[in-house]
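*Asks:* So the chains spell out like this:
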Amino acid sequence: MELSYGAEHEAFRREVVEFLQTHRDQAPGSGRGASALAWQKLLIAHGYAGRTIPKEYGGYGAAPDILKSRIIAEEFAKAQVSPGLGGQGISMLIPTLLEVGSEEQKRDIIGPTLRGERIWCQGYSEPGAGSDLANLRTKADLDGDEWVINGQKIWTSTAHLADWIFCLVRTEPDAPKHQGISFLLFSMKSPGIEIRPLIDMTNGHSFNEVFFTDVRVPAGQIVGKRGEGWKVANAILKHERGSLADPNVMLSRLNGIKELMRSETIDGRRLIYSPVFRDRLMRVEGEVMAMRCNDLRLLSGAVNNADVGIAGMIVKLQTTELRHELERLAIDVMGEMGVLYGEGAPHLRGNGSWQWNYMFFLGLIIGGGTSQIQKNIIAERGLGMPREPKLAIG
Amino acid sequence: MEFGLSQEQTMLQDSLTRFLGDSGSLARARVFNANNEGRAPDVLAGLAELGVTGLIIPEEHGGVGLGLLDAALVSEVLGRHVTPAPFIGSSVLAPLALMRAGSAGQQAVWLPKLASGAAVAGVALSEATGARENAGVTASGGRLSGRALFVIDFEADVYVVADKAGGLHLVAADAKGLTRTRLPTIDTTRPVGELNFDNVEAEPLAAAADSAAVVRFLIDTGRVMYAADTLGAASAMIDQAVAYAKERKQFERAIATFQAVKHMCAEMAAALEPCRSLVWYAGHALESLPAEASVTACHAKAHTSEVGTRVAKTATEVHGGMGFTDLVGLHYWFKRIGLNRQMLGGPEAVREDAARLQALAA
Ligand SMILES: Cc1cc2nc3c(=O)[nH]c(=O)nc-3n(C[C@H](O)[C@H](O)[C@H](O)COP(=O)(O)OP(=O)(O)OC[C@H]3O[C@@H](n4cnc5c(N)ncnc54)[C@H](O)[C@@H]3O)c2cc1C
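Keeping their order, the protein sequence lines are chains A and B.
To convert, count from 1 in the first sequence and add 117; that's the numbering used here.
To convert, count from 1 in the second sequence and add 1; that's the numbering used here.
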């Protein structure tokens with residue numbers, strides 16, 4: 118057990134802290150306005166965004182150092198300063214292209230995506246293909262040197278904001294279902310694309326239905342070979358699962374509940390003096406602590422190339438469920454106040470973020486592989502139990 | 002940065018696992034139970050040979066001089082094997098009390114005996130956490146009176162006793178005026194008992210500047226050790242449930258192919274794995290992160306107990322009727338987890354303690 122990051126890394130931490138002190142007033146709030154793009158450029162120039170992406174592809178070009186990446190994340194979070202742009206293009210497509218993209222794709226796509234000039238959406242799920250993603254039907258036929266795409270996607274987050282889509286389509290209708298899929302990239306401005314908004318339970322418009330009618334895409338806009346799309350997609354799913362787990366954010370939410378319980382009173386009594394709520398608070402605190410320790414173990418495993426057993430496989434399941442429960446606690450603590458919702462509502466606490474997160478994290482329990490699918494994976498790959506008859510993935 | 006076990010620590014767990022064996026240990030626990038043994042000299046001798054009895058005792062007193070994370074790792078293996086042997090009291094808390102609050106003379110007398118397994122020490126702390134009515138020990142003029150309940154590693158030659166005022170004492174098992182009553186509990190692998198003191202001669206462990214802080218540290222340490230024992234016992238139960246599910250056939254298929262059964266197993270494993278990380282951290286914190294040690298110990302104890310209890314129930318259910326029988330002996334683990342949960346504070350009590358430590362409670 119050695120929990121310190123060591124002298125070299127602590128020096129690096131001081132650099133990050135200094136950067137934040139000097140530049141924090143340039144940091145944007147939320148959104149993707151001009152100031153956000155300028156901030157992103159500044160972060161890339163200093164190696165705080167796109168850190169390990171090679172220079173020739175528009176990144177900073179540092180050697181991978183997991184601890185340095187962690188330090189950057191920690192210090193930006195502590196300072197409550199935007200860590201730069203996110204989104205599915207940056208968090209999912211770029212890592213995938215780095216692994217399996219062609220040289221040309223890396224040169225053309227990674228830079229603009231990283232700088233926030235090209236926004237992506239992920240076109241995987243379909244009405245008939247959710248957990249059973251490989252059942253997807255949207256088809257692409259080669260016509261000369263163009264794919265012609267017909268079909269429908271659903272739950273496509275940010276499709277209404279996106280410039281481009283990375284999309285799974287069926288190109289080999291006669292092949293077994295996992296081997297007939299290809300991974301295509303194309304512009305959302307292409308003729309034949311229709312986007313219909315879906316309103317989610319938070320009242321937000323975050324995802325959409327996307328319809329394709331004879332959408333024509335140059336044949337070269339494929340990642341990997343024809344029929345290899347499932348392999349490419351699985352690399353991305355791996356990135357998605359990993360990125361949901363931030364127990365340090367959970368800690369700051371937990372501290373938020375403590376604050377709430379110290380400041381709110383019901384019947385003249387501060388909520389922190391309610392033994393029942395206090396016990397629930399401590400229960401959640403213990404669970405958050407366990408996930409933070411687990412996270413340290415994963416970090417250490419990644420740094421030292423050590424086997425961590427099933428400690429990684431359980432993270433999506435445990436953290437999304439725990440976060441949902443944590444937000445629930447805040448709502449319960451507030452009693453009737455907990456039901457207030459919507460911008461400008463009188464008496465609203467925390468901008469309504471407790472209810473919003475409570476619902477949002479139910480979405481994350483479902484999205485990217487439901488809790489039940491996670492349990493299948495843990496049982497099968499973690500505990501060596503027999504596979505679901507139809508879940509055999511290539 | 003390394004959050005994990007060293008090679009030595011893994012070897013320590015492996016060698017102990019080899020000694021305890023996978024099947025032999027339950028068989029030994031059964032005999033221990035059937036004969037109502039207080040001590041299993043063969044097991045104790047083996048543990049002594051491996052250095053387990055002297056694990057945290059300094060080398061100059063015949064021990065191995067390892068730390069409390071190492072002790073937690075041993076506790077885990079002992080729980081895993083439902084080992085009928087003293088450890089948390091005799092090999093961790095009592096030596097710790099002597100090392101932190103005993104005089105040089107007391108250390109020289111007792112530490113070598115504990116290290117070699119020649120003596121076993123019981124520990125009476127329950128009056129310092131969760132004191133009962135009609136119980137509690139008071140010290141006056143070097144003599145103890147009153148009652149200590151739920152004494153850990155009860156079948157002992159000497160006892161470390163906490164009094165109501167935060168003082169610590171050593172009492173010989175055969176001291177005049179001391180009445181010892183074993184308390185039958187669900188867990189037959191580790192004797193627990195009651196001590197009644199009628200003006201009993203005792204030696205104060207009075208070398209520490211702040212005796213109450215030592216008592217607090219003993220409680221924190223004990224909680225982490227019980228959490229580790231539960232971790233080991235629960236992971237043994239999961240392994241047995243998974244293995245049984247792969248073997249047992251119903252409706253012409255292994256029950257492991259039923260998704261309900263798979264999900265029971267996955268839920269157990271997903272809940273328990275973070276406890277492993279938490280127990281490691283809490284074990285490390287005891288000596289290396291003093292500012293966090295108490296709260297972390299509370300959470301390790303409470304959370305691992307909650308998960309352990311759920312695992313104990315679910316793993317039993319996976320076995321069907323067989324789980325309820327004495328035949329497979331799964332209940333030894335069930336009961337071990339059950340005892341660990343209550344000792345030195347159940348989850349609610351320990352969480353309340355965690356709240357108090359953070360000034361969240363009145
Ligand atoms: C907030 C959010 C954002 C999303 N963003 C995107 C996006 O940008 N792009 C995209 O492509 N998709 C996106 N999705 C879709 C998401 O990946 C799917 O919703 C998810 O994979 C589940 O598929 P489904 O909705 O069809 O549910 P179904 O697969 O129909 O599942 C319904 C229920 O059946 C259970 N079930 C299904 N199969 C099994 C099985 N084998 N064993 C046990 N239980 C099973 C599920 O666990 C669930 O409880 C998003 C979803 C959400 C909620």
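The reader is advised that the hints may include incorrect statements.
[Unchecked claim] Label-pair ranges, simulated between beta-carbon atoms:
#, chain 1, residue 1, chain 2, residue 2, range
1, A, Glu453, B, Glu134, 35 to 43 Å
2, B, Lys314, A, Ser470, 49 to 57 Å
3, A, Thr382, B, Met12, 51 to 59 Å
4, A, Ala124, B, Gly66, 26 to 34 Å
5, B, Glu9, A, Gly321, 47 to 55 Å
6, A, Leu315, B, Lys247, 49 to 57 Å
7, A, Glu505, B, Glu248, 51 to 59 Å
[What the hints assert, rightly or not] Looking from chain A toward chain B, a few residues come up when the C-beta cut is under 7 Å (computed):
#, residue
8, Met399
9, Met408
10, Asn411
11, Ser417
12, Ile495
13, Pro503
I should point out that these hints are in silico values taken from the structure, not numbers from a laboratory.
Computed from a predicted model, the values in this text were never measured in an experiment.
In this text, a Cβ means the ideal position worked out from N, Cα and C, and glycines have one as well.
*Asks:* Quick check: which numbered hints come out false for this structure?
*Replies:* 2, 6 and 7
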